[in-house]
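Undergrad: So you can see what is in the structure, the chains are spelled out below.
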Amino acid sequence: EAQVTQNPRYLITVTGKKLTVTCSQNMNHEYMSWYRQDPGLGLRQIYYSMNVEVTDKGDVPEGYKVSRKEKRNFPLILESPSPNQTSLYFCASSWRGGNEKLFFGSGTQLSVL
Amino acid sequence: LAKTTQPISMDSYEGQEVNITCSHNNIATNDYITWYQQFPSQGPRFIIQGYKTKVTNEVASLFIPADRKSSTLSLPRVSLSDTAVYYCLVGDMDSNYQLIWGAGTKLIIKP
Numbered sequence: 001e002a003q004v005t006q007n008p009r010y011l012i013t014v015t016g017k018k019l020t021v022t023c024s025q026n027m028n029h030e031y032m033s034w035y036r037q038d039p040g041l042g043l044r045q046i047y048y049s050m051n052v053e054v055t056d057k058g059d060v061p062e063g064y065k066v067s068r069k070e071k072r073n074f075p076l077i078l079e080s081p082s083p084n085q086t087s088l089y090f091c092a093s094s095w096r097g098g099n100e101k102l103f104f105g106s107g108t109q110l111s112v113l
Numbered sequence: 001l002a003k004t005t006q007p008i009s010m011d012s013y014e015g016q017e018v019n020i021t022c023s024h025n026n027i028a029t030n031d032y033i034t035w036y037q038q039f040p041s042q043g044p045r046f047i048i049q050g051y052k053t054k055v056t057n058e059v060a061s062l063f064i065p066a067d068r069k070s071s072t073l074s075l076p077r078v079s080l081s082d083t084a085v086y087y088c089l090v091g092d093m094d095s096n097y098q099l100i101w102g103a104g105t106k107l108i109i110k111p
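Top line first, the protein sequences correspond to chains A and B.
Straight run, no breaks: the first sequence in my numbering ends on number 113.
Straight run, no breaks: the second sequence in my numbering ends on number 111.
Honestly, the hints are just simulated from the structure, not real lab data.
No residue lacks a Cβ here, since even glycine has one placed at the ideal position from N, Cα and C.
Taking CB as the label site, the calculated pair distances span:
1) GLN3/A to VAL59/B: 13 to 21 Å
2) ASN51/A to LYS110/B: 43 to 51 Å
3) THR29/B to PRO83/A: 36 to 44 Å
4) LEU1/B to LYS101/A: 20 to 28 Å
5) THR86/A to ASP11/B: 28 to 36 Å
6) GLU14/B to VAL52/A: 44 to 52 Å
7) ALA2/A to TYR51/B: 21 to 29 Å
8) PRO76/B to LYS65/A: 38 to 46 Å
9) GLU70/A to GLY15/B: 43 to 51 Å
10) SER67/A to ASN25/B: 32 to 40 Å
11) LYS106/B to GLN109/A: 15 to 23 Å
12) THR53/B to PRO8/A: 37 to 45 Å
13) PRO83/A to ASN57/B: 40 to 48 Å
14) THR13/A to LYS110/B: 38 to 46 Å
Construct the complete structure from the given sequences, taking the supplied hints into account.
TA: Shown next as structure tokens:
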């Protein structure tokens, strides 16, 4: 089944403790992206990747890192999480980016205390 | 940068047709206009996509006028399970691959 898999589904952590949210897709998509969703603010793009070893900042990249060492994986790294990064995070992928059909993961609800 | 405007919320009743319009300016001339549906605590799900005129699939229709400054998602004969948030998504004219999401329209279907 074609899917985007994110883990974990829920995560509670404390300020400053490094964490990684994993994202994997099995559709051989070139484009992958991370979003955060906050009440009243809609979907905001954090980072995106057009292909392996190619990543670019989205609208709200501060405090986040990503890597794209393999086509299928696109982890989101918070080196020193802060409470303002408490949010619902989504990973998405599509064939080649642009406005092609995006496939989303189920989301990761992160709480930073 | 492209900008999108959608109604914040809409109500309707089961069995009715619902039309949600998104206004968008400065969008990429060679890119699609796409609509997504999102249920609480789930990722957005693709509904329909078009470039111009009318597109129809098994769940919705999409109407795009010639000037492409708006698009209208049409949901025929809605049911309670269509209660969700609906987003339009466009590409920005000036920036490659920059996607601009609408703020979303919360659609509530009543029995």
